[in-house]
Amino acid sequence: MSSESYKRFLRSQARKRPVRVSKTSISWEERERGPSSGSAANLLESVYLGREPKDTVVVDREAAMVLQERLTGLEGEVDRLHRRLRIMKWSLFALLGMAAASLSFLLWVLLGMPA
Amino acid sequence: MGSLQRKLNDLEHEVKSRFVGNEEAVHTIVLNQLHRRSATLIRASRGIGKSTLMLLTLKGLWGDDMVVISGASEVKRGEVVGRLHIPSLEREGVERVLWAAFTRARGKGLDEVNRLNPYTTANVHHLMQFGEVWAYGQKTVVEDYTLLANENPGDPTTFIHPPPFYDRFDVCVFLNSLTLSEKFRLQEVLEKYEGDLVGSMPQVLSPEELEEARKDVTEVELDPDLVGNVNLLVRDLQACVRGKEESEVRPPALCDGCHFIRDVCAMVREAPSERATVVLNHLAKAATWLHGKCTPDDLYRMALWVLPHRMGLVRVRSLIGDLYGLLERERAKMEDRSARRQWTILEGLSKEFDPTFYRLAKEAAVEDAVFAEELMRLEEGWVQEERLRREETLSAQMNWKLAGTWRFGSK
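Just so you know, the sequences run in chain order A and B. Residue numbering for the first sequence follows my numbering, starting at 1 and increasing by one per position. Residue numbering for the second sequence follows my numbering, starting at 1 and increasing by one per position.
Simulated from the structure, these hints should not be mistaken for lab results. All of these numbers come straight from a predicted model, not from anything done at the bench. Mixed in with the good hints, there may be bad ones.
Here are the simulated EDC-like cross-link-like pairs (lysine to aspartate or glutamate), alpha carbons at most 16 angstroms apart as the crow flies [to be verified]:
| hint | chain 1 | residue 1 | chain 2 | residue 2 |
| --- | --- | --- | --- | --- |
| 1 | B | Lys351 | B | Glu385 |
| 2 | B | Lys293 | B | Glu219 |
| 3 | B | Lys7 | B | Asp216 |
| 4 | B | Lys7 | B | Asp256 |
| 5 | B | Lys362 | B | Glu380 |
| 6 | B | Lys139 | B | Glu209 |
| 7 | A | Lys16 | B | Asp336 |
| 8 | A | Lys16 | A | Glu30 |
| 9 | B | Lys401 | B | Glu246 |
| 10 | A | Lys7 | B | Asp225 |
| 11 | B | Lys351 | A | Glu4 |
| 12 | B | Lys7 | B | Glu209 |
| 13 | A | Lys16 | B | Asp223 |
| 14 | A | Lys16 | B | Asp225 |
| 15 | B | Lys362 | B | Glu373 |
| 16 | A | Lys16 | B | Glu373 |
| 17 | B | Lys401 | B | Glu385 |
| 18 | B | Lys333 | B | Asp297 |
| 19 | B | Lys362 | B | Glu391 |
| 20 | A | Lys23 | B | Asp223 |
| 21 | B | Lys351 | B | Asp322 |
| 22 | B | Lys215 | B | Asp297 |
| 23 | B | Lys293 | B | Glu385 |
| 24 | A | Lys7 | B | Glu385 |
| 25 | B | Lys183 | B | Glu23 |
| 26 | B | Lys192 | B | Glu391 |
| 27 | A | Lys7 | B | Asp144 |
Given only the sequences and the hints, what does the whole structure look like? Please build it.
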C-alpha cells in the first residue's frame, strides 16, 4: 500500500515531465542537458589536459576509440624504443669488447716487449 | 516576512556580527534550532571558535537559562544528571535526587564532547533519545531544549563514542580557519566588543517566541518534489542489491563484481540512518518557513551537514570534500532520472500494468537500484494477479530481491 505523499510525488513528477503514449510507443521531448560531471569529456580532459578526473567516469564509444587508438600508438612507440634499446645494448657490448681487446693487446705489447 | 522570521534573522545577524567567517555553518545552526529538542554538533580543530559559536547561539536563544558542561574537566554523572540529597537520606532514609542544572536548563552546551567519559556520554545519549534522565532509580522528564556540542576529534584523550550517539545530533557542522581578510575582521570585532563576544550577545528570542516558531515550522507543508528529493537522496545512500545492511561483509569487498560498482552505493561503507531523512525534512521546512522557499540546491547544501557524522565512506581523503563529490553525483543522477521520465513511467505503472511502460521501466531499473526496488514491489502484485510470469520479472532475471522478503525461485 503506497503512502499518499509518495503518490503525490509521483503525480507531481508525471505532471511536470509528461510522456506521449500511442498504441505501440511512448515518446517525450528531450530538453537540452549539459554534460554530466562523469561524462566522457572529463576522462579525455584528464588524459590529455592532466586535469584531475572525478571518482567515477563513464566512457562513451568515441572516447573509448580515441583512447584505444592512443594506446595502440603508444604500444607501437614502446616496441620501437625497445628495438632501439636492444641495438644500442649490443653496440655497447661490442664497443666494450673492442675496448677490452685493445687494452689487453696494449698490455701484452708493453709487458711482452724485450727490454 | 513575519515578526518571528525577523527575530530568527536577527539571531543569525547577531551571531554573525560576533562570529567571523563560516557563514554557512552559522546559517545551518540557526535553521536547526527550529524544531523541538534540536541537537547540533560543531567540529573543528582547536582555537577555531567552536566553543564561542556554541555559546553565542545558546545565549541568543536562552539568555542565562543555559548550562555548559565540559568534557575536558572529568565531569561526573552528578553534574550532568543528578546527585543524591544526603541529608534526606540520613535524616529520613529517603533517596531524594537533586537534578543537575544541566538537566533543567533549556539551553544545554557540551564543550569538547569527545572528551566526555563513556558513562556520562551514555547518560546524555539517553537524554537525547528518550527526553528523560535516570538517577538512583528515579526518572525525570526533560522539557524542550536546545543542545549544542562541540568537539575536536583530533585531540589526544578523545573517546571513540558509539555511532548511535552521534546519530542523535541533527547536524554536524565543520568550521574552517579564517582567511586573511577574515582575520582582519576578527580583530575589528574583538575591538568593538572589547574582547567579550559572548558577554555582549543579547537574548534575541524569548522561549515563547522560539516555541511558537517551532510550532509554525512543523505546520509547513513541503512541496512533494522536495520531499521526494529528500527521500531519494537518503535511499540512494542506503540501497544495496546485495543487502549491505544485513551483511557482515562491508564494502569494498561486498561490491566486488557488483552490477552497481559505479553507483554511489558502492562508495558508502555505512549507510545513513532514517534520522537523516527526518532531519532533512525539518531543515527543509525551517528554510521554507524562514525564506519562503527551499530549492533542491538548498537541500544538497543542508545534506552536507546532515550526513558526515552518520555515514561512513569507503575511501576518505577529506570527509567534506568526498561527501561534496558524492552529493554532486547524486544531483546528476536525479537529473538523469527526470530526463528518463522514470517517475512518470512508475506513476503510469502504479495505476495499471502496461507492457510498453514496463519495458522502459525495466531498462531504467537495471541502472538504478532505488527505482528497481519500487518496480519489483509492483511486480509482486502483477505476478499475483497473473498479469506477469515470475520468470519475466526483473527480480528473477537479475536475481535481485527486495530487502526483508523471501526470494522466490525463478523457475
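Please write out, lowest number first, the hints stated earlier that are contradicted by the structure.
Violated: hints 4, 6, 16, 17, 20, 21, 22, 23, 24, 26, 27.
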